[in-house]
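Build out the structure end to end from the sequences listed, making use of the hints.
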Amino acid sequence: MPLHALPAARLSASGTCIVDYAAVMRLALPLFINIAIQAILNVTDIWFIGRISVEATAAIGAINWLVIIAILDLGGLGMGVQSLVAQAHGAKRYRRATSLTWNALWGTLLVLPLFLLVSQACGAILAPFGLQKSTVAIANQFWEPRLQWAAVSTALWAVSGFFNGIGRPVFTLCIMAVVAISNVLLNAWFMFGLGLGIAGVAWATNLATETGLIVGMGLFISKRFQSRFATRLLWRMRWPRLRAVCALGFPIGLFFSVDLFGLALFQLMTTKVGETDGAATQIVMTLTSIAYWPGIGIAMAGTTLVGTAMGAKRPGWAFTLGKSIGMMTACYMGAVGLVLALLGAFLMSTFAGANDPHAPEVARLGITLLWIAAAYQFFDGLNLGFGACLRGAGDVVMPTLWLAMLSLGVFIPLTHMLTFAPGQGWVAFLPQLAYGAPGAWGAAFVYVALLGSVLALRWRGKRWMRTN
Numbered sequence: 030m031p032l033h034a035l036p037a038a039r040l041s042a043s044g045t046c047i048v049d050y051a052a053v054m055r056l057a058l059p060l061f062i063n064i065a066i067q068a069i070l071n072v073t074d075i076w077f078i079g080r081i082s083v084e085a086t087a088a089i090g091a092i093n094w095l096v097i098i099a100i101l102d103l104g105g106l107g108m109g110v111q112s113l114v115a116q117a118h119g120a121k122r123y124r125r126a127t128s129l130t131w132n133a134l135w136g137t138l139l140v141l142p143l144f145l146l147v148s149q150a151c152g153a154i155l156a157p158f159g160l161q162k163s164t165v166a167i168a169n170q171f172w173e174p175r176l177q178w179a180a181v182s183t184a185l186w187a188v189s190g191f192f193n194g195i196g197r198p199v200f201t202l203c204i205m206a207v208v209a210i211s212n213v214l215l216n217a218w219f220m221f222g223l224g225l226g227i228a229g230v231a232w233a234t235n236l237a238t239e240t241g242l243i244v245g246m247g248l249f250i251s252k253r254f255q256s257r258f259a260t261r262l263l264w265r266m267r268w269p270r271l272r273a274v275c276a277l278g279f280p281i282g283l284f285f286s287v288d289l290f291g292l293a294l295f296q297l298m299t300t301k302v303g304e305t306d307g308a309a310t311q312i313v314m315t316l317t318s319i320a321y322w323p324g325i326g327i328a329m330a331g332t333t334l335v336g337t338a339m340g341a342k343r344p345g346w347a348f349t350l351g352k353s354i355g356m357m358t359a360c361y362m363g364a365v366g367l368v369l370a371l372l373g374a375f376l377m378s379t380f381a382g383a384n385d386p387h388a389p390e391v392a393r394l395g396i397t398l399l400w401i402a403a404a405y406q407f408f409d410g411l412n413l414g415f416g417a418c419l420r421g422a423g424d425v426v427m428p429t430l431w432l433a434m435l436s437l438g439v440f441i442p443l444t445h446m447l448t449f450a451p452g453q454g455w456v457a458f459l460p461q462l463a464y465g466a467p468g469a470w471g472a473a474f475v476y477v478a479l480l481g482s483v484l485a486l487r488w489r490g491k492r493w494m495r496t497n
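Take the working numbering: the last position of the sequence shown gets the number 497, and nothing is skipped along the way.
No lab work stands behind these hints: they were computed from the structure.
The reader is advised that the hints may include incorrect statements.
[Claimed, not checked] Beta-carbon label-pair distances, calculated as ranges:
#	residue 1	residue 2	range
1	Pro389	Ala463	20 to 26 Å
2	Met266	Lys121	21 to 27 Å
3	Ala364	Arg124	40 to 46 Å
Predicted model, so just to flag it, every value in this text is computed and none were measured.
Don't be surprised by glycine CBs; every beta carbon is placed ideally from N, CA and C.
Listed below in structure tokens is the structure:
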């Protein structure tokens, strides 16, 4: 394939091949909107939960990341589809792209029993963290139904990964729009119409996701894709294809889950400090997802473009694309983080829940936390952008090891030190400086700045080229 014929490439007036940013944005925009819709789903859930109580918000904050970690760890195989399909598409091996997708879908059946097992383990998982019994009881109302149905999310990732990998994210956008609309309607009905409370939020998410999967499968096997990709013919399980999906997908899931494990402990620590710290942290996490999830959308364009370039045997062009997309993601997230901090007073008053007596205190603390979050958004953009490009190139092992070392060796112990007062923490051998939630967010800044810088240097060092 000629260099100028690759996605997001164009010839300049002097005849040199340069990045076509308009083409990047045409690919990134549907992904951007798609992930933004997922952020809206999260915001919608927290808004509905906030109508119940500050304690309910804090309880969901305690398990929010743990639920996502369980889904990523057990269902990560669905996340490997985009990179593998992009590489197959770049090499014009269209039937291989279809077979990989079908085998990822078969793989979801293999992890279903594990999801059912973990759905019964909420109390055991939270037991070491010293949370109040009422908080654990509220958390379990969400945990159990959400994880019982979580294999559907894995299947939806696989189908979405196919569309993203072939450079047709507009279909993913349509699917997620269906999920978002369904989720809002089902939340209102289940929580208030049927009186299911917190459990209603989980079931609304489950059924909305299943609706999206049905729509996605209908598009996947439609005539539009049957002619080139033979999507109706290659449905049989093939162990080599399933192994390929698992070999890439599970490390990708592990990469995210190790990162989120640190965030889960981070939120558990702030929740243990008190309901005010826990609720303010959860609301700020939700608000910053407005930058985080669309940032993933931009980064995912890098996964597709880099994967396509690597499939076409153009690693030099993959490097150029990755450099550009990594910085685009960082600049976007930095800008959004600043806007959120400037609007902090308005946003916190909206989400804190005016009827709760603790709401003013939660709002005041949240404004402070939004400014600390704004400081690390740029570095989190480096993390997302360059991490996604490394995945597109198939380089997932070393980035995961770096992330694990920084999360377990820096982020978690530093958060413990800065958050708890003496005698309040989980372990006695670490100093405890009693800064509460602001201390925890300061530790998050140090961690994200280090991680983003390491991944940017990994990309610029070009060692990922040796994995192909």
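Structure-based check of each hint:
Taken as a hint, the range 20 to 26 Å holds for the pair Pro389 and Ala463, whose Cβ atoms sit roughly 22 Å apart. Between Met266 and Lys121 the beta carbons are some 24 Å apart, a value that agrees with the proposed interval 21 to 27 Å. Taken as a hint, the range 40 to 46 Å holds for the pair Ala364 and Arg124, whose Cβ atoms sit roughly 42 Å apart.
When each numbered hint is compared with the structure, no violation occurs for any of them.
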